[in-house]
Every structure is written in structure tokens, then in C-alpha cells.
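Residue strings, one per chain:
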Amino acid sequence: MDEVNRADPPNWIQQHAVYQDLMHLDVGDSAQVYAAFLVYMDLTEVRKWKEVVGVSCPELQAVLLEAREKEGEAAQMIFPLPSHRSIKHREFPNGAVHAGFYASWTAVLTVSQLSTQSCTLVFCLNLKYFNF
Amino acid sequence: QVKEDMDTRSESEHQPSREALIDISFCGSTPLLWKVSVMKRVRSVGVIGALVGSLARQPRAAGQTSGAPAGGGAAAAASLQPQDCGGEERNSEAVRQYEAGLESSYKKQCALALEDKNTVLRRIMNEKENSSDTVCDPTGTDDSGGAIRDRLNALDQAFHFPWSAMAVQLCTARAGFSHCPEERSFHSTDWPMPRDERLNTRFCVYRDLRNKGFYLTSAGKFGGDFLVYPGDPLRFHAHFIALCISMDEELPLCDILAIARLGSNVKKTVLICSPVEGDVVYSSLQWSSMV
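Protein sequences appear in the order of chains A and B. 1 is the number of the first residue of the first sequence in UniProt numbering; add one for each residue after it. 1 is the number of the first residue of the second sequence in UniProt numbering; add one for each residue after it.
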């Protein structure tokens, strides 16, 4: 798993238009962009989510994906992450620190399997600013 | 269980809302309370603990339990820190009472000494009168008898009991723990727990949640810092598992996953709590599998 996260993505991915678009957003390290691409493919091809779009987030230094689960539903913010990463509380969505930003997002962990090049979404974590 | 390897120290801390002080003992870094009455008072302020061990069997030990505020732990004990509440006035009142006590004790001792002297003189007189019957001493006996009689008669006026002759009780132990501010500050420098970053973070969160009215106990069983109850833990289930971290502390995602999943299994919301500029920021974690 770690080797995959450190190695370059395979050729077909590197030449994929969407991957190149995400790279051109010029934010996030290559492992995070790679994870974003894998999640993009999973959401569009496997789960058939709608209007999946890459969004640049300079505060988090990451590529996020904005997507709707079904037509007409509210857009959700997805934070794709390679599973070996760590995260800080400062990076969570919260009203005090990220004024004007999304109130919540779903962190999606990805694990790539070297042999089959398939992406396994480990789990989805809803992170929300909590108000008593 | 008895922790034999650690040394035990006693320390007094002032509880802000009450007049009397409570005594917190430390066994290593674990704060302990010993008396049931103290436990009740502390619990009524919202500090919850867990019972630890039992006292050795003794007559009249049946009603006693030992309690450890393991619930809040260090944070709870820290919340009972001394606060400035007019200790000066209470101190001078205590001094006045003590001096008044001394005064009344002096008067009683005066009276008793007078009575005692009276008795002694009478006895000497009687002895002299009795001995004068048997021993014939015409020169000295009558005079000394007369002198004593005179002294006896003048006793009430002539008697003087000096203040320095008064017997005073010196207490080697005080039941009231009414340390004066100087002693209190001396003791508080002895606070045995290291004031590190982690304890400060936990304490900020503890204080904020307590101010919001929640009851907190330890969440060691769930891998968190606190369990948050909407009311007394004996009456409610916990709603939240609170994890206290600083804003910039890095959390491995697998750890977040583990605690989120656990929270979902035990039907509690996981809260990530961080102190920020005097306030506390809370984020909730909810695990959902993608369908």
C-alpha cells in the first residue's frame, strides 16, 4: 500500500484527462491528487454519482471533489485522502476557523491495491462543525 | 487495591463555592478523596469519580469508602484549584475566635487557681493547727498560723494569676484544614502533577463542557478522553465521547477511523475538541459506509 502511494501512478492514469485537470489545479501533493483521481473514478463509474468536479482548496492544500449523490440533491464536499496520511483538527470544517467555507465534508480514505490497480474506498467520515 | 510502590501526600485545596476546604490526596498522579461527605459535596458540583479499593477492616469501618475522582482525573482535580475568595476576612475571624477562646480559658483558670490556692492554704492552716496541738512551739506557730489566716482572708484581693501561667492547648492536628493564604500558596507549589500541554488541553475542554452543564467521566474504555453526559451519569447514558487534542496535532487517519467506528457501534457521537484562543472548537465524527 505504501509503495503504491509513493510510486508514480500508472501511465493510463497519468494520461487521463481528468487526472491532468486535477493536476493542473496546482494544489496538493501527488499522492493526494492520485487519491482524488481514484475517488473520482469510483464515484462516477462505480457509485454513479452526478456532477463530480475537482475543486482546489488552498487552505487544505488539497484537491477536493464536489459531487451530488443523486440529481437534484445538495452538493457534498469530498476530501480524498491516502490512508497513510494524518490530519489536523485545524483542517476540519468549522465555523470559527474556516469562515465562509463548507460546514462539513466527507473524508474518504483510499487504499490502492498494486496488483489489480483497483481502488478500495476504506470508509467515509463525515466531519462537521459541532455547535452545542 | 493498594498502590504500595507510590508515596502518598496530602494536600489541601480550596473549593470556590463552599466555605470549608476539601482534602485531595495523591497516590502517584492519581487524585483521591477519602470521606463520603466530601465525595457527595464534590459530586454535587459535578466532579464524578470512581470507587477504588476498600479500607482495611476495622471496627466502624463499615460506613466508610474511599473514592478516587478518576472520572475527571487530573482535569477534575485541577478544576478544584484555589480561587481567591476573601480568605483574609475568614482568617481574622478565626484569629478573633481563638483569642476570645483564650480569654475565657484564662478566666476559668484564674478561678480554678484561686480555688486551688484557697484549698492549699486552708490545708496548711489545718495542718499547722493540728500539729500545734502535738508540738509545742510557742514562738513561731501562732504567728505563722496567723500569717496564713491573714493571707487566706486577703486572698481574693491579693491573688494574682499571671497570663503567662495559663495552660494553653497546642493543636498538633487541625480538623478544619483552614490554611491561611500563605500556607495555601506554599502547598499549591507542591501540586504533584506536571502541567504539560496535554493536561492543559484536557483541562480547557473539561472546563468548557462543565460550564455548559455537562457531566464528564473518563473515557479510557473507549479510547477517548472524556465521556460526556447530559446529566448525572447515574441517570443518563453518555451522548458523546470527547477526544481532546490541540488544533495542530496530527491524527493518523486510521486512529480517526477506529474511534469513529467505535462511536457508531456504541451509539455515541465522537467529538474532537480543541481549545482555540480561550474558546473550544468541537467537531463531530460520523462514520458512514458509502453505498
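Please note that a few of the clues may not be correct.
Unchecked claim - Derived contacts from chain A toward chain B, CB cut-off under 10 Å, selection only: (1) S56; (2) P82; (3) S83; (4) S86; (5) I87; (6) L109; (7) L125.
In case anyone wonders, no lab produced these hints; they're calculated from the structure. From the three backbone atoms N, C-alpha and C, an ideal C-beta is built for every residue, glycine too.
The hints, checked one at a time:
no.	hint	result
1	S56	violated, 21 Å
2	P82	holds, 9 Å
3	S83	holds, 6 Å
4	S86	holds, 4 Å
5	I87	holds, 6 Å
6	L109	holds, 6 Å
7	L125	holds, 6 Å
This entry does not satisfy hint 1, going by the numbered hints stated previously; all others are met.
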